[in-house]
Amino acid sequence: EAAVTQSPRSKVAVTGGKVTLSCHQTNNHDYMYWYRQDTGHGLRLIHYSYVADSTEKGDIPDGYKASRPSQENFSLILELASLSQTAVYFCASSDLGVEQYFGPGTRLTVL
Amino acid sequence: AQKVTQTQTSISVMEKTTVTMDCVYETQDSSYFLFWYKQTASGEIVFLIRQDSYKKENATVGHYSLNFQKPKSSIGLIITATQIEDSAVYFCAMREGSALGRLHFGAGTQLIVIP
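Chains P and F are the protein sequences, given in the same order.
Position one of the first sequence corresponds to residue 468 (this note's numbering), numbered consecutively onward.
Position one of the second sequence corresponds to residue 22 (this note's numbering), numbered consecutively onward.
Hint data in this document are derived by calculation from the structure and do not stem from the laboratory.
No residue lacks a Cβ here, since even glycine has one placed at the ideal position from N, Cα and C.
Some hints could be false.
Partner residues are not named here, just some residues of chain F that face chain P (Cβ under 10 Å, in silico) [stated by the list, open to error]:
id, residue
1, Val45
2, Thr48
3, Ser51
4, Phe54
5, Gly64
Computed list of chain F residues with no C-beta within reach of chain P, every gap over 12 Å [what the hints assert, rightly or not]:
id, residue
6, Thr30
7, Ser33
8, Asn88
9, Gln104
Make a model of the complete structure from these sequences and hints.
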């Protein structure tokens, strides 16, 4: 059974609209992360969290918010979606210092 | 400044041969962790192998092994006896000891295994 799940798996949004991407993990990990991957590139960290009700900015946080209501759930929020936010978004979880486990990704297209 | 660099964009090898993928990193931390991940054609990202900076022995898992050259800030991934299903994009990543779990990824190397 997949330990990190994401929903939706694919989404088309309109420019200026609000988008919420959800992530759920059953690994009992404290750390959760949101990355974006642009075609032909590596992953870049948007936001992360090491405890419920707290989030931290990653390397490219502008235009994104994050929410960690519980250990298992971590959401990424685009308040005003823009064309430049078209990408594949990955959620991951880990314990400190060890490898991260990734979800299947969400393909977001902003039109 | 880019912290993790993979200069090989794409590599093609014959099945059952050995391939090495290069990765160099930059850090000021004395303690750090290095990882290799595989992204399959379906988009799935899978953890392969890890090297802790304080360990002198190269990590090995199955037919994956690492060539850790600390003075050169280099961590190469070696795949022996390559199989068709090894065709994928391979990412190198680094976590600095002070970085609360944050990973820096390289741009990836696409491996094509030819039957």
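Hints versus structure:
1. For Val45 (chain F), the shortest C-beta to C-beta distance to chain P is roughly 14 Å, which exceeds 10 Å, and the interface hint is violated.
2. Against a cut-off of 10 Å between C-beta atoms, the interface hint on Thr48 (chain F) is violated, since the closest Cβ of chain P lies about 15 Å away.
3. Nearest Cβ of chain P to the Cβ of Ser51 (chain F): about 15 Å, over the 10 Å cut. The hint is violated.
4. With a cut of 10 Å, the hint placing Phe54 (chain F) at the interface with chain P holds, because the nearest CB-to-CB distance is about 6 Å.
5. At about 5 Å, the closest approach between the beta carbon of Gly64 (chain F) and any beta carbon in chain P falls short of 10 Å, and the interface hint on this residue holds.
6. At roughly 9 Å, the least C-beta separation between Thr30 (chain F) and chain P is not larger than 12 Å, which violates its mark as non-interface.
7. With 12 Å as the threshold on Cβ separation, the claim that Ser33 (chain F) sits away from chain P holds: the shortest Cβ distance comes to roughly 17 Å.
8. The beta carbon of Asn88 (chain F) sits about 19 Å from the closest Cβ of chain P, which is more than 12 Å, so the claim that it is off the interface holds.
9. Once the 12 Å rule is applied to beta carbons, Gln104 (chain F) is consistent with being away from chain P; the minimum gap is 22 Å.
Checked against the numbered hints above, the structure violates hints 1, 2, 3 and 6; every other hint is satisfied.
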